[in-house]
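Let the hints inform the model, and build the full structure from the sequences given.
There are 2 protein chains.
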Amino acid sequence: MINAIGREIPDLVEGYGAVKPFAGAFHTVPDMKRHAPRVKAVRPGENKVLSSLEEVFRRIGIKDGMTLSFHHHFRNGDGVVNMVLATAAKLGLKDLKIALSSVFPVHAPLVDHIKHGVVTGLDTNYISGPVAQAISRGILARPVILRTHGGRARAIECGQLKIDVAFIAAPAADDFGNINGVEGPAACGSLGYAFPDAEYADYVVAVTDHLVEYPLSPVSIPQTRVDYVVKVDCIGDPKGIVSGTTRITKDPVGLKIANTAARVIEAAGLIKEGFSFQTGAGGASLATAHFVRQMMERAGITGSFALGGITGYMVDMLEKGLFKKIIDVQGFDLEAVRSIATNPNHLEVSASFYASPFNAGCAVNKLDAVILGATEIDTDFNVNVVTGSDGVIMGGSGGHSDAAAGAKVTIVVANLLRGRLPIIVDKVLTATTPGETIDVLVTERGVAVNPRRGDLREQLVAAGLPVKEIHELKALAEKIAGIPAKAPAGGRVIAVVEYRDGTIIDVVRQR
Amino acid sequence: MINAIGREIPDLVEGYGAVKPFAGAFHTVPDMKRHAPRVKAVRPGENKVLSSLEEVFRRIGIKDGMTLSFHHHFRNGDGVVNMVLATAAKLGLKDLKIALSSVFPVHAPLVDHIKHGVVTGLDTNYISGPVAQAISRGILARPVILRTHGGRARAIECGQLKIDVAFIAAPAADDFGNINGVEGPAACGSLGYAFPDAEYADYVVAVTDHLVEYPLSPVSIPQTRVDYVVKVDCIGDPKGIVSGTTRITKDPVGLKIANTAARVIEAAGLIKEGFSFQTGAGGASLATAHFVRQMMERAGITGSFALGGITGYMVDMLEKGLFKKIIDVQGFDLEAVRSIATNPNHLEVSASFYASPFNAGCAVNKLDAVILGATEIDTDFNVNVVTGSDGVIMGGSGGHSDAAAGAKVTIVVANLLRGRLPIIVDKVLTATTPGETIDVLVTERGVAVNPRRGDLREQLVAAGLPVKEIHELKALAEKIAGIPAKAPAGGRVIAVVEYRDGTIIDVVRQR
Numbered sequence: 001m002i003n004a005i006g007r008e009i010p011d012l013v014e015g016y017g018a019v020k021p022f023a024g025a026f027h028t029v030p031d032m033k034r035h036a037p038r039v040k041a042v043r044p045g046e047n048k049v050l051s052s053l054e055e056v057f058r059r060i061g062i063k064d065g066m067t068l069s070f071h072h073h074f075r076n077g078d079g080v081v082n083m084v085l086a087t088a089a090k091l092g093l094k095d096l097k098i099a100l101s102s103v104f105p106v107h108a109p110l111v112d113h114i115k116h117g118v119v120t121g122l123d124t125n126y127i128s129g130p131v132a133q134a135i136s137r138g139i140l141a142r143p144v145i146l147r148t149h150g151g152r153a154r155a156i157e158c159g160q161l162k163i164d165v166a167f168i169a170a171p172a173a174d175d176f177g178n179i180n181g182v183e184g185p186a187a188c189g190s191l192g193y194a195f196p197d198a199e200y201a202d203y204v205v206a207v208t209d210h211l212v213e214y215p216l217s218p219v220s221i222p223q224t225r226v227d228y229v230v231k232v233d234c235i236g237d238p239k240g241i242v243s244g245t246t247r248i249t250k251d252p253v254g255l256k257i258a259n260t261a262a263r264v265i266e267a268a269g270l271i272k273e274g275f276s277f278q279t280g281a282g283g284a285s286l287a288t289a290h291f292v293r294q295m296m297e298r299a300g301i302t303g304s305f306a307l308g309g310i311t312g313y314m315v316d317m318l319e320k321g322l323f324k325k326i327i328d329v330q331g332f333d334l335e336a337v338r339s340i341a342t343n344p345n346h347l348e349v350s351a352s353f354y355a356s357p358f359n360a361g362c363a364v365n366k367l368d369a370v371i372l373g374a375t376e377i378d379t380d381f382n383v384n385v386v387t388g389s390d391g392v393i394m395g396g397s398g399g400h401s402d403a404a405a406g407a408k409v410t411i412v413v414a415n416l417l418r419g420r421l422p423i424i425v426d427k428v429l430t431a432t433t434p435g436e437t438i439d440v441l442v443t444e445r446g447v448a449v450n451p452r453r454g455d456l457r458e459q460l461v462a463a464g465l466p467v468k469e470i471h472e473l474k475a476l477a478e479k480i481a482g483i484p485a486k487a488p489a490g491g492r493v494i495a496v497v498e499y500r501d502g503t504i505i506d507v508v509r510q511r
Numbered sequence: 001m002i003n004a005i006g007r008e009i010p011d012l013v014e015g016y017g018a019v020k021p022f023a024g025a026f027h028t029v030p031d032m033k034r035h036a037p038r039v040k041a042v043r044p045g046e047n048k049v050l051s052s053l054e055e056v057f058r059r060i061g062i063k064d065g066m067t068l069s070f071h072h073h074f075r076n077g078d079g080v081v082n083m084v085l086a087t088a089a090k091l092g093l094k095d096l097k098i099a100l101s102s103v104f105p106v107h108a109p110l111v112d113h114i115k116h117g118v119v120t121g122l123d124t125n126y127i128s129g130p131v132a133q134a135i136s137r138g139i140l141a142r143p144v145i146l147r148t149h150g151g152r153a154r155a156i157e158c159g160q161l162k163i164d165v166a167f168i169a170a171p172a173a174d175d176f177g178n179i180n181g182v183e184g185p186a187a188c189g190s191l192g193y194a195f196p197d198a199e200y201a202d203y204v205v206a207v208t209d210h211l212v213e214y215p216l217s218p219v220s221i222p223q224t225r226v227d228y229v230v231k232v233d234c235i236g237d238p239k240g241i242v243s244g245t246t247r248i249t250k251d252p253v254g255l256k257i258a259n260t261a262a263r264v265i266e267a268a269g270l271i272k273e274g275f276s277f278q279t280g281a282g283g284a285s286l287a288t289a290h291f292v293r294q295m296m297e298r299a300g301i302t303g304s305f306a307l308g309g310i311t312g313y314m315v316d317m318l319e320k321g322l323f324k325k326i327i328d329v330q331g332f333d334l335e336a337v338r339s340i341a342t343n344p345n346h347l348e349v350s351a352s353f354y355a356s357p358f359n360a361g362c363a364v365n366k367l368d369a370v371i372l373g374a375t376e377i378d379t380d381f382n383v384n385v386v387t388g389s390d391g392v393i394m395g396g397s398g399g400h401s402d403a404a405a406g407a408k409v410t411i412v413v414a415n416l417l418r419g420r421l422p423i424i425v426d427k428v429l430t431a432t433t434p435g436e437t438i439d440v441l442v443t444e445r446g447v448a449v450n451p452r453r454g455d456l457r458e459q460l461v462a463a464g465l466p467v468k469e470i471h472e473l474k475a476l477a478e479k480i481a482g483i484p485a486k487a488p489a490g491g492r493v494i495a496v497v498e499y500r501d502g503t504i505i506d507v508v509r510q511r
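Chains as they are written, first to last, in UniProt numbering: chain E, 1 to 511; chain H, 1 to 511.
One or more hints might be untrue.
Treat identical chains as interchangeable: a pair holds within one or across any two.
To be verified - With a straight-line Cα cutoff of 25 Å, these simulated SDA-like cross-link-like pairs (lysine to any residue) come out:
hint, residue 1, residue 2
1, 115, 255
2, 33, 97
3, 250, 291
4, 94, 459
5, 427, 511
6, 408, 445
7, 33, 162
8, 162, 32
9, 40, 105
10, 162, 298
11, 40, 158
12, 162, 38
13, 33, 46
14, 256, 480
15, 427, 26
16, 272, 213
17, 20, 43
18, 408, 291
19, 90, 457
For the record, the hints were derived by calculation from the structure and aren't laboratory data.
Given below as structure tokens:
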């Protein structure tokens, strides 16, 4: 069948089930009840602290086929996923489904666990490194479910992603299971992505290397949801949190794009009291923040909040009074960790609060502007951030589709060429974020405005921005790099790309 | 039928249904799933702020027969319940069920709403004043359900108390529904009793007189659960929070009892590093805290946490370093409000975290000692805090049964005579808290230890405390006041007294 953005998707994907096609960014209205996990009880005097992960597996009775969940706040420094799966392998478990909010190169041992049948399913919002490569080559029989950060929260809350056991990497925990991310040798800051897991899993385990006196405070995940606490030597390396660049780009092309993106925000009339902003940790995103900051300073305005994965750059803007608040679902560097631990205006929120479409209102809905990246964008403004142009998985939506849907102005920044290939194509190889939620594409050679946003186009033209048609920009790129050869058709479906509302926006095929 | 503490209760109570008899404080094990409210969705740009309560009623479509819930943090200063019910009456609504965590004299207009059929059901943890009187006289056809603070959270979480619309009296709220209790003209401190309502109601409304810029921080109840925000002139009078005494008694008998209670705690070996304590706001309770404090100071120890409804006295102990933390479900005075707003070691927790028996562990389970009151106690140590000895409702469990079940040592303090009647009876008129969870009764004429606690009895005797049999104390009282006449049998059942686990420990009959 063909979904609302014209992607051909199977009616049924083996190992996934019937496909509900993407029908438009705001078309799907929930008609269901929240997930209802089993009710627990703990008597006075009961002890939750267990001596090893093996004991945790035995106590809970973790069985073949169960779904174990994990969060990714340690990013490439995570130690808990590998530790838990090594225990599962040692105990001879098979057919486990892993719900890990993002997969990093550090999770390479997962490839072997898949090869040996310990793990047979993966549910995630982002995959990079060896696991992404192996998945693309078809190592898993069952398709990976690729979600958005808000969509994962929604899937857990609505019972589409049922978690048997949530393992929470806990920088600090007390003996009754209260957890926070701001203390201990491996403090990682916000634990926001783990909140839905803790709230809806049948069992919740705190894995910590910093067991403190009861009662821990602040409490991010409460004792009322945590069944067991296990002390290990080391849950992760906080240095691994900083994966990828978190510095402003020095590349002149990148700076030009960033400057133009900031001018788009200004032209849209958003640089005023109460401005709210999300940007990522990439060099061009941070550079945009830098130019936006200069505009805010010149205009003498105070922004309302910065949102998303948080960097030291945003912390500095908070501390300098350029934003009143930071809403933080994940720290991208150790400055973010320091800030959330000490600044009451730096708020820790759940993935649901951040971005779920199916609650009484998520924070992305309050965004004025967001800066996003793309590996490809097509002439309908659909964006690919899941695969390279060769079809191999190299990322995922994360919060991309969520912030795009919520923000008043969504800006994709990209060099006209990525490597030696035009970034603008007729049809992205893998659709991640629907074009209806993308307002502007900013490249070094010009700015394209989504035809749905005639109002915005007028503002940008009036401000003297180099507005062009997206087809024009595409032609420019092709003049330099030629028309790229079409990627050969892939094999069987190895991943489904789920939009934030649970519909399928695309599939990824074996390479 | 006869329940586990020998109370005769009907198999079926009209207007309530089949009765599950109390079977022992820790006998009932939950075998159910959590309540699953409907899933919500809010699109970017949607506005939650409504102009009046009438508009709230219209938008939600509040209908005859629905259950509306409220929290009692303003105690006798609450303005929201009366305001909402006046709106309901004006709109001609009938047959509403009111789930209000505690009822105070300020809620007297409820009597008229009951008379006129606007309200036909009441679910609460404590009732005082005109409503209690009217209920006892049989004004409601359907029996009131009297729960404990932890039991109410449990009933909401487990779906036994289904809430259509939760009205949250919000000292501060932003336009997207984030709420806290620590800012604004009517700051009341912790909003802990409202947390389950917000989490599980189908609709949630923030009623505020202090609408602030988005995003509010700190967030106690999040935007993800709040559907509408309505601004009113005044949600309540914070001076009404301080209802009843919050000063140390000057009565010499009260001081003697308090001193003895403190000595019981000391003799039990609890005055040591990490000591945790709950006491109420009554004069004798506070006096006990005072003597306990002196012991802590002499011993040079630091307690772990103080729990419960919090007074300025406990705040002072926190600030002087006698406790490391306060765990606060409700402020009893404005010092508690000031402290929770500013001291990171003063934690706001939900009613479920405080006391629900059916989660992965509530805070009362971590208590070393609790000081509780009684209107009657029987020779099996069962306590009545629901009715006077005339059978008229004058209170309720609140956290009484919860703390009694959780604490290592539960102490009831009481004058041997209450008015002119012995406090110790053969059989309490209304059983609220089962004797198996009460360890010691402290009176001015001696201390009785529950026979289940032979260990504790030995410790108290060794410490030279005036240990007597409870029958001995009863005889002493009767020697002074005579054997009281038995209250006449009451009429039909006007309230069921639900134990924290959902079983029925007793019923209250019409007077």
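Outcome of the hint check:
{"no.": "1", "hint": "115 / 255", "verdict": "neither (44 Å within a copy, 72 Å between copies)"}
{"no.": "2", "hint": "33 / 97", "verdict": "both (24 Å within a copy, 22 Å between copies)"}
{"no.": "3", "hint": "250 / 291", "verdict": "within (13 Å within a copy, 67 Å between copies)"}
{"no.": "4", "hint": "94 / 459", "verdict": "neither (58 Å within a copy, 54 Å between copies)"}
{"no.": "5", "hint": "427 / 511", "verdict": "within (18 Å within a copy, 79 Å between copies)"}
{"no.": "6", "hint": "408 / 445", "verdict": "within (24 Å within a copy, 73 Å between copies)"}
{"no.": "7", "hint": "33 / 162", "verdict": "both (14 Å within a copy, 13 Å between copies)"}
{"no.": "8", "hint": "162 / 32", "verdict": "both (15 Å within a copy, 16 Å between copies)"}
{"no.": "9", "hint": "40 / 105", "verdict": "neither (36 Å within a copy, 36 Å between copies)"}
{"no.": "10", "hint": "162 / 298", "verdict": "neither (50 Å within a copy, 53 Å between copies)"}
{"no.": "11", "hint": "40 / 158", "verdict": "both (20 Å within a copy, 10 Å between copies)"}
{"no.": "12", "hint": "162 / 38", "verdict": "both (12 Å within a copy, 17 Å between copies)"}
{"no.": "13", "hint": "33 / 46", "verdict": "between (33 Å within a copy, 22 Å between copies)"}
{"no.": "14", "hint": "256 / 480", "verdict": "within (19 Å within a copy, 94 Å between copies)"}
{"no.": "15", "hint": "427 / 26", "verdict": "within (22 Å within a copy, 63 Å between copies)"}
{"no.": "16", "hint": "272 / 213", "verdict": "between (46 Å within a copy, 14 Å between copies)"}
{"no.": "17", "hint": "20 / 43", "verdict": "between (44 Å within a copy, 20 Å between copies)"}
{"no.": "18", "hint": "408 / 291", "verdict": "within (19 Å within a copy, 60 Å between copies)"}
{"no.": "19", "hint": "90 / 457", "verdict": "neither (59 Å within a copy, 50 Å between copies)"}
Checked against the numbered hints above, the structure breaks hints 1, 4, 9, 10 and 19 and satisfies the rest.
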